[in-house]
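Residues per chain, in single letters:
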Amino acid sequence: GAGVSQTPSNKVTEKGKYVELRCDPISGHTALYWYRQSLGQGPEFLIYFQGTGAADDSGLPNDRFFAVRPEGSVSTLKIQRTERGDSAVYLCASSQGTFPPYEQYFGPGTRLTVT
Amino acid sequence: AQSVSQHNHHVILSEAASLELGCNYSYGGTVNLFWYVQYPGQHLQLLLKYFSGDPLVKGIKGFEAEFIKSKFSFNLRKPSVQWSDTAEYFCAVIIDNYGQNFVFGPGTRLSVLP
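Taken in sequence, the protein lines are chains A and B. If you read the first sequence in this note's numbering, its first letter stands for residue 1, the second for the next number, and so on. If you read the second sequence in this note's numbering, its first letter stands for residue 1, the second for the next number, and so on.
Calculated directly from the structure, the hints in this document are not laboratory data. Even glycine gets a Cβ: it sits at the ideal position worked out from N, Cα and C. A portion of the hints provided could be inaccurate.
Non-contacting residues of chain A with respect to chain B, defined by C-beta distances greater than 10 angstroms in every case (computed) [claimed, not checked]: (1) Pro8; (2) Val12; (3) Val19; (4) Arg22; (5) Ile26; (6) Ser27; (7) Gly51; (8) Glu71; (9) Arg84; (10) Val114; (11) Thr115.
Label pairs and their calculated CB-CB ranges [unchecked claim]: (12) B:Glu15 to A:Lys78: 42 to 52 angstroms; (13) B:Ile60 to A:Ser58: 25 to 35 angstroms; (14) B:Lys71 to A:Lys78: 35 to 45 angstroms; (15) B:Glu20 to A:Arg81: 38 to 48 angstroms; (16) A:Asn62 to B:Ser14: 38 to 48 angstroms; (17) B:Ser5 to A:Gly16: 31 to 41 angstroms; (18) A:Leu39 to B:Ser3: 18 to 28 angstroms; (19) B:Ile68 to A:Lys17: 44 to 54 angstroms; (20) B:Ser18 to A:Gln80: 41 to 51 angstroms; (21) B:Ser52 to A:Gly28: 23 to 33 angstroms; (22) B:Ser80 to A:Thr113: 33 to 43 angstroms; (23) B:Arg77 to A:Gln80: 44 to 54 angstroms; (24) A:Gly16 to B:Ser80: 45 to 55 angstroms; (25) A:Ala2 to B:Gly62: 22 to 32 angstroms.
Kindly generate the complete structure, drawing on both the sequences and the hints.
Encoded structure:
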């Protein structure tokens, strides 16, 4: 694939529901990142994977948020019991690795709206 | 906590005007610096990056940035903007040996009037 892809592009859900957001990184990229961008703000780090393992999940806001990358490629961000404050654009990025720092390539994002 | 600030929330310029967008970070150690751009309806794209060496970095589309360590700054410049430069610009930092995630600034919206 040419770039990072994310599905769905838009997701509207009711408060309290469970959602999954998917990210397909660039083929061969070992590092994968999730960010959240609220209106008028810069992206905020959530979690990153090196391979299959979560190398740093310090940005996850609480235990309702969880992400997996079982085969070291596709990743899924899971949000339980969604709240209106979770509404944001969720961005995924991938890079060749993490050391030395490599450029991160961003996907188009998933706009999540919790009603 | 480490942070990145961008001085201007919204900048409005006429075509051919010169541009400088400010970026400051709050960490005294080794940093890696980036400017990303987000055109309307598109995803974030890298404009330029600084890891080491010459503090004046040239990027795509005529943009450049200067790393001034003593000022903790990495300002973005372009001598003559075009209408197509209308976009949101984000400064981002990776703090060496701290983590591999970007710390982004809040962004500066640039509007270029034709």
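Evaluation of the provided hints:
For Pro8 (chain A), the shortest C-beta to C-beta distance to chain B comes to about 15 angstroms, beyond the 10 angstroms cut-off, and the non-interface label holds. Chain B leaves Val12 (chain A) outside its interface by the beta-carbon criterion, the shortest separation being 19 angstroms against a cut-off of 10 angstroms. For Val19 (chain A), the non-interface assignment is confirmed: its Cβ lies about 20 angstroms from the closest Cβ of chain B, beyond the 10 angstroms cut-off. Interface exclusion of Arg22 (chain A) from chain B stands, the closest Cβ pair being 16 angstroms apart, more than 10 angstroms.
For Ile26 (chain A), the condition that its CB be more than 10 angstroms from all CB atoms of chain B holds, with the nearest at approximately 13 angstroms. Distance check on Ser27 (chain A): its Cβ is at least 18 angstroms (rounded) from any Cβ of chain B, clearing the 10 angstroms threshold; non-interface status holds. Every CB of chain B lies more than 10 angstroms from the CB of Gly51 (chain A), the least distance being 13 angstroms, so the non-interface label holds. Distance to chain B confirms Glu71 (chain A) as a non-interface residue, since its nearest Cβ pair spans about 21 angstroms, more than 10 angstroms.
Chain B leaves Arg84 (chain A) outside its interface by the beta-carbon criterion, the shortest separation being 22 angstroms against a cut-off of 10 angstroms. Under the 10 angstroms C-beta cut-off, the non-interface status given to Val114 (chain A) relative to chain B holds; the minimum distance is some 22 angstroms. The claim that Thr115 (chain A) is not at the interface with chain B holds, since no C-beta of that chain comes within 10 angstroms of its own (minimum 24 angstroms). Taking the beta carbon of each, Glu15 (chain B) and Lys78 (chain A) are about 46 angstroms apart, inside 42 to 52 angstroms as hinted.
Taking 25 to 35 angstroms as the suggested C-beta distance range, the pair Ile60 (chain B) and Ser58 (chain A) conforms, at roughly 32 angstroms. About 42 angstroms separates the C-beta atoms of Lys71 (chain B) and Lys78 (chain A), a value consistent with the hinted range of 35 to 45 angstroms. For the pair Glu20 (chain B) and Arg81 (chain A), the beta carbons lie near 45 angstroms from each other, so the given range of 38 to 48 angstroms is met. Between Asn62 (chain A) and Ser14 (chain B) the beta carbon distance is about 46 angstroms. The supplied range of 38 to 48 angstroms therefore holds.
Hint check: Ser5 (chain B) to Gly16 (chain A), Cβ distance near 36 angstroms, so the stated range 31 to 41 angstroms holds. Remark: the range hint 18 to 28 angstroms for Leu39 (chain A) to Ser3 (chain B) is upheld by a beta-carbon distance near 19 angstroms. The hinted range of 44 to 54 angstroms is satisfied by Ile68 (chain B) and Lys17 (chain A), whose Cβ atoms lie roughly 48 angstroms apart. Range check, Ser18 (chain B) to Gln80 (chain A): Cβ separation about 49 angstroms, and the 41 to 51 angstroms hint holds.
The beta-carbon spacing between Ser52 (chain B) and Gly28 (chain A), approximately 25 angstroms, falls within the hinted interval of 23 to 33 angstroms. Checked against the given bound of 33 to 43 angstroms, the beta carbons of Ser80 (chain B) and Thr113 (chain A), roughly 39 angstroms apart, stay inside it. Judged by the Cβ atoms, the range 44 to 54 angstroms given for Arg77 (chain B) and Gln80 (chain A) holds: they are separated by roughly 45 angstroms. A hinted range of 45 to 55 angstroms for the beta carbons of Gly16 (chain A) and Ser80 (chain B) is consistent with their spacing of about 52 angstroms.
At roughly 25 angstroms, the beta-carbon separation of Ala2 (chain A) and Gly62 (chain B) lies within the given 22 to 32 angstroms, and the hint holds.
In summary, this structure violates none of the numbered hints.
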